[in-house]
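J.: Sequence:
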Amino acid sequence: MTDAQRTSTSWPAVAPALLVCAAAPAFFVAQIAWLGWVLLALGIGGAWLVERGRPGAAEQTVSAGTRQPSLTRDLSLIALGMLIVSVIPLAAELDNLAMLRFTLALGGAVAVPYLVSRFVFRDRAISFPWRTHRRWGRLQWGWLIAVLVLGWLILPFYFISSGVYQNWPVVDSPDLIARLFVGVGAVGIWDELFFICTVFALLRRHFPDALANVLQMIVFVSFLWELGYREWGPLLTIPFALLQGFIFVRTHSLAYVVTVHLLFDAVVFAVLVHAHNPGLLPIFLL
1 MTDAQRTSTS
11 WPAVAPALLV
21 CAAAPAFFVA
31 QIAWLGWVLL
41 ALGIGGAWLV
51 ERGRPGAAEQ
61 TVSAGTRQPS
71 LTRDLSLIAL
81 GMLIVSVIPL
91 AAELDNLAML
101 RFTLALGGAV
111 AVPYLVSRFV
121 FRDRAISFPW
131 RTHRRWGRLQ
141 WGWLIAVLVL
151 GWLILPFYFI
161 SSGVYQNWPV
171 VDSPDLIARL
181 FVGVGAVGIW
191 DELFFICTVF
201 ALLRRHFPDA
211 LANVLQMIVF
221 VSFLWELGYR
231 EWGPLLTIPF
241 ALLQGFIFVR
251 THSLAYVVTV
261 HLLFDAVVFA
271 VLVHAHNPGL
281 LPIFLL
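Counted from 1, the sequence shown has number 144 at position 144 by this note's numbering; the numbering is strictly sequential.
Don't read these hints as lab results, they were simulated from the structure. Cβ atoms here follow ideal geometry from the backbone N, Cα and C, with glycine treated the same way. All clues stand as given, with none of them false.
Simulated DEER-style distance windows between Cβ atoms:
1. L262 / R52: 36 to 46 Å
2. G107 / V249: 22 to 32 Å
3. L153 / A41: 41 to 51 Å
4. R250 / L281: 31 to 41 Å
5. D95 / R134: 39 to 49 Å
6. V182 / F246: 20 to 30 Å
7. P278 / E231: 16 to 26 Å
8. L153 / P278: 11 to 21 Å
9. A146 / W34: 36 to 46 Å
10. R52 / I154: 43 to 53 Å
11. H252 / V14: 21 to 31 Å
12. R135 / S161: 32 to 42 Å
Please model the complete structure; the sequences and the hints are all you need to start from.
T.: See below:
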């Protein structure tokens, strides 16, 4: 579906989509589960009403050979993923049980909507386009370097001056440092699989890219808040989430957005180790 077609049919659907995405702050920021459930129900119910009012029902023909995707189905997939994530506390912990909880819940939040889309709804709304068979250009390589430099300059000041590094457990042994490295990287990869390849991809089927990007940012930033990026963290996480969506639209490459995220998270990992063990990694200005 083209941007023009999405724009012409999307505006009545904004309210239901916004309600579904607003469930993320309810779950992950306010941590009021019942409010999240209500917002999801209202959003999916509103989407059903919007589609019922369209000529030809939810999957009316837009043009020859093209069908308009169901907003109700796609929002229900986003809701399903958020519900699965919301069943566990997202406070960073490094013990075996906590890492197993994260693996099952975060893995399920990606796998279950994908499987439902593919085998129940029988569409390919969710995909993971790892490579585009295009070489990265100078701009793309330059952005990777910029991510490292900006992270090195900004992240130590954010984590240490705000004290949010204390939202992550103390890592004062090789085992804990290794667990932190694995955990930070794994969650970073998951972020792109869920927020970009699932939430953003589903929203793009109904809305212009810029609007879909803002909606996915609400979900992305809310998750990062409960994970530990608090205080004035949204000043960093909001532009980061929006940039990741924009980069994905431009590159269509999961490999590239994952690389960007992992470089950013490599600096996050180093800052957390440095903050908990001053002098162990003397590579930062603060």
